[in-house]
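Colleague: Here is what each chain is made of, one letter per residue.
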Amino acid sequence: MTRPRPVAEAENRLVRFNGERDAILSLVTRRVTDSHLAAAERSPDASIEYVLNDVAYSEIQRHERDSSPSGRRGAGRWRDLAGRLGRMNEVEKRGELERLVAHYARDIVGNFNPRVYRFANDVMPPALSILFTPMSSLRHGLGALDSMSRRIRVEGELDAVRTACDRGTLIVTPTHSSNMDSVVIGLGLKLALLPPVTYGAGKNLFSNPFISYFMHNLGAYRVDRRLRFGLYKDVLKEYSTVLLEQGYHSLFFPGGTRCRSNVIESHLKLGLLGTGVAAYRNSVVAGAGHRRIYVVPATINYRLVLEAETLIEDYLAETGKSRYIIEDDEFSRLGRIVEFVRKILVHEGAVTIRFGRPLDPFGNGVDDAGESVDRHGRRIDPATYLADAAGKLDADHQREAVYTRELGDALSDGFRRETVFMSTHLVSRAVFDAVVERTRQSDIYRLLRLPESAVVVGRDDVCRRVEELRRRIAAAPEWGRVEERVAVMSAPELLDDALRALTTYHTHPVLEPAGERIQIGAMKLCYYYRNRTAHIPDEADAADRSAARW
Amino acid sequence: MVTGDRAALGVVGAGSFGTALAALVGRAGHQVVLWSTTPEVVEEVNREHTNRGRLGDVVLPDAVRATSDPAELAERARLVVMAVSSVEARDRARALGAVVDGRHMLVHAIGALAGPDVARLSQVLHEETPARRLGALAGPALPADLVGGRFAAMVCASPFDEVTREARRLLNLPPAIRLYTSRDLPGVELAASLSGAYTIAFGMADALGMGPGPRAVLVSRVVAEGQRLVAAIGGEARTFTGLAGLGNLLVRTSPGPDDRASGYQFGRALAQSEASGGPPPGGDGEREPEAVRAARVGVRLARRLGQRAPVLDAVARVIDGHARPTQAAAALSDTVAMAE
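Chains as they are written, first to last, in the numbering used here: chain U, 1 to 550; chain H, 551 to 890.
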């Protein structure tokens, strides 16, 4: 449980955002412009004309896909730029570059309105809490906030995260499996008494006026996924870098888009994550190495996932595409929020958010004081990773890209270690394993074609397997942990807890009890919930741990 | 810490390779600090400029200084080459971890896997030290070639370009040694380890008198298998055909000194023991060659990755006593031919 710990107003650094907004925009514009000018000096392949031409070409292509009058006008403007490029002198090209950088930076930048924040902070949660509360207890009215903490449990290395939060800037990096993740992590931060964070959201999310109003005024910044050229990505990354340098806690979903298969993400998108190293390097170069950046792995663990059916269908059809910015987040559809609240969050222990111990931008752990430590607990000065062969601090993008890959590996390990297994995951795994063992088929596409009679398993067998799985998980903390609520249940109780969830929510029951046997009603969903444990090897494979290291 | 061009090369381990490398680099005018845990060796290197136990009468240049204090190595060197056996690698890395920091670049020259959990050596360095800029040196550079000034080549692999740049600054000393570079660190480490394992197969084949035709088939099948395995761990297949894989394999299966610790000689001894009816090698508490451990982990790795590895399978069956060398050779020649 979280312990009472007041969060001082000063800890919400976003309240000062509007005062710094212009300075941030100006800094982003100057840095991106200067870096392109410097690159152009070093190599003719990076000339300003090439950069501007790339922007104009991409923008013309984008506008040509829009057949509306505004699309045609837009394409015309960019054609005009492309036509003028050859006649521009260097001063004019430089001016055009600066203008474009400033334009894209203004398009991205967020806003923070303290009044909207207070409204969202003080009024919204109780309102949501009413939605979470079953009708029978509605009489408790707005006092029902407390009930939310029974449905969304927050746990983990909270003291270490709070220390990191006081000492430096957080990059909160949760797993991503549901459309409701950004709402849930927002509530989770509040329940954990952590300050709000800023994050990049797909521009399309701003199309709903109600949601857009809140997002726009609570520090979210806009990411236009249609703009795929290098200059825009540079502006976006520099904006994120500057936010971190200035102390604004941020949120990235490093797994990209929602994980379709429900496995713990391991192939992470590193684009924005790399801005953590860049921000720290800038601080060190500026003589402020004490201003640390902390990356906080967090797992969002749902007992039931609202959109599990469509996600697993997508996965099996291999249509999932990876992106690292929230784009298709359905919380922009209010109806989905209400559906989520009424169908998922009514269950006690519906969601557990677990925060792991923070990492530094190089993937090292940190001690209780927020100092980087190696695996033997020896303190490290993280600034030493940024010195070149001559011992000078420098910006080596190739070096920083490798550090970020290693940070991604450390995050993947963190995701697995901080995974919380719900009864639905354990029982689905047990049932799935029983079927695989009996049919000697592990290929999901073959399993989907099995006759009904082949997908029936005995209760006792499932209970035995669940018990064994719990024992193995307890012995291997690197795989995760069993939710506290179900950890103390007997295996039959745990099975019943899972069955209550899996038989009632989805369109088709995932599992159906039939006397002393359990019938798989929806193999795809059984596979989906089982996948949360996919990183736990079979008993035989687990014995061969050496090969797993490779 | 000394930095820039004045920084010395650090070498961990005063074995034959480490001392030969130190001698070569010292002769080129770079300072070298050699860390040995044997006080007599430190004394001999610093007083007499020799390491007779390892390199005979070869005279080491004044630029090579030995120390028993790893802190001195960490203070004077920025690039450190670890050249110890895989058996002691973890302990030495742990001691090194107490004195190095994020500025150091650690490169190992150990063509094998470490410890009971058969980790890649860069993983061991990652676990035991705070250094992150890691790499590996591998290739057919024999100590005798290095001190004799004969043509040698190695590859330095690291995901960090600055590590390979620094390694080239200190170690690329043509014509004595040319240092190639690669970003494929896992591929180079696995290729170096597997090439050792495959030498057992060549030792057996040669002792059985297989002849040049079957030997050539074995070479090509080993190359195909090694490439598959390197690719399966995410490395580049061609890494196996480079210095770390094929280069290592050829040098270790060529006529040379009778090194009983080599996989090639172990393979020969296996086949000879079958012919003579004598006991297989490895008895009498003799230390198991690195190649044997590499073969066993190679087989496990192949199974886990779902890769066919008939040559490694055959080697592992023989070393574990499940088949005789002649049976393994027959089984290999019976292997179903598939698309190459």
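Mixed in with the good hints, there may be bad ones.
Claimed, not checked - Have a look at the derived ranges for each label pair, beta carbon to beta carbon:
| hint | chain 1 | residue 1 | chain 2 | residue 2 | range |
| --- | --- | --- | --- | --- | --- |
| 1 | U | E478 | H | Q857 | 51 to 59 Å |
| 2 | H | A645 | U | R472 | 51 to 59 Å |
| 3 | U | R405 | H | T731 | 33 to 41 Å |
| 4 | H | D619 | U | A288 | 58 to 66 Å |
| 5 | H | P589 | U | R472 | 43 to 51 Å |
| 6 | U | R405 | H | A774 | 42 to 50 Å |
| 7 | U | D166 | H | E593 | 51 to 59 Å |
| 8 | U | V488 | H | D884 | 51 to 59 Å |
| 9 | U | A317 | H | T731 | 56 to 64 Å |
| 10 | H | D884 | U | A390 | 54 to 62 Å |
| 11 | H | G699 | U | D45 | 36 to 44 Å |
| 12 | H | R718 | U | D45 | 22 to 30 Å |
| 13 | U | E90 | H | R700 | 53 to 61 Å |
Claimed, not checked - No farther apart than 16 Å at their CA atoms in a straight line, the calculated lysine to aspartate or glutamate pairs in the EDC-like style are these:
| hint | chain 1 | residue 1 | chain 2 | residue 2 |
| --- | --- | --- | --- | --- |
| 14 | U | K93 | U | D166 |
| 15 | U | K203 | U | D314 |
| 16 | U | K392 | H | D651 |
| 17 | U | K524 | U | E468 |
| 18 | U | K392 | H | E712 |
| 19 | U | K524 | U | D314 |
Derived by calculation from the structure, the hints in this document are not laboratory data. We put the beta carbon where it would ideally sit given N, CA and C, even for glycine.
Colleague: Hint by hint, note whether the structure agrees.
Modeller: To see whether the hints hold, each was checked on the structure:
1. E478(U) - Q857(H): 51 to 59 Å: Roughly 25 Å apart at Cβ, these two residues miss the hinted range, so it is violated.
2. A645(H) - R472(U): 51 to 59 Å: Violated - the Cβ-Cβ distance for A645(H) and R472(U), about 35 Å, lies outside 51 to 59 Å.
3. R405(U) - T731(H): 33 to 41 Å: Hint violated: Cβ distance 18 Å, outside 33 to 41 Å.
4. D619(H) - A288(U): 58 to 66 Å: violated (35 Å)
5. P589(H) - R472(U): 43 to 51 Å: Hint holds: Cβ distance 48 Å, inside 43 to 51 Å.
6. R405(U) - A774(H): 42 to 50 Å: Distance hint for R405(U), A774(H) is violated at roughly 29 Å.
7. D166(U) - E593(H): 51 to 59 Å: holds (53 Å)
8. V488(U) - D884(H): 51 to 59 Å: About 57 Å separates the Cβ atoms of V488(U) and D884(H), which means 51 to 59 Å holds.
9. A317(U) - T731(H): 56 to 64 Å: For T731(H) against A317(U), whose Cβ atoms are near 42 Å apart, the range 56 to 64 Å is violated.
10. D884(H) - A390(U): 54 to 62 Å: Distance hint for D884(H), A390(U) holds at roughly 59 Å.
11. G699(H) - D45(U): 36 to 44 Å: holds (41 Å)
12. R718(H) - D45(U): 22 to 30 Å: holds (24 Å)
13. E90(U) - R700(H): 53 to 61 Å: holds (55 Å)
14. K93(U) - D166(U): Not OK: K93(U) and D166(U) at ~44 Å, beyond 16 Å, violated.
15. K203(U) - D314(U): Not OK: K203(U) and D314(U) at ~23 Å, beyond 16 Å, violated.
16. K392(U) - D651(H): At roughly 15 Å apart (the allowed maximum being 16 Å), D651(H) and K392(U) satisfy the hint.
17. K524(U) - E468(U): Given pair K524(U), E468(U) is violated - Cα atoms ~24 Å apart, limit 16 Å.
18. K392(U) - E712(H): holds (13 Å)
19. K524(U) - D314(U): Cα-Cα ~11 Å, so holds.
When each numbered hint is compared with the structure, violations occur for hints 1, 2, 3, 4, 6, 9, 14, 15 and 17.
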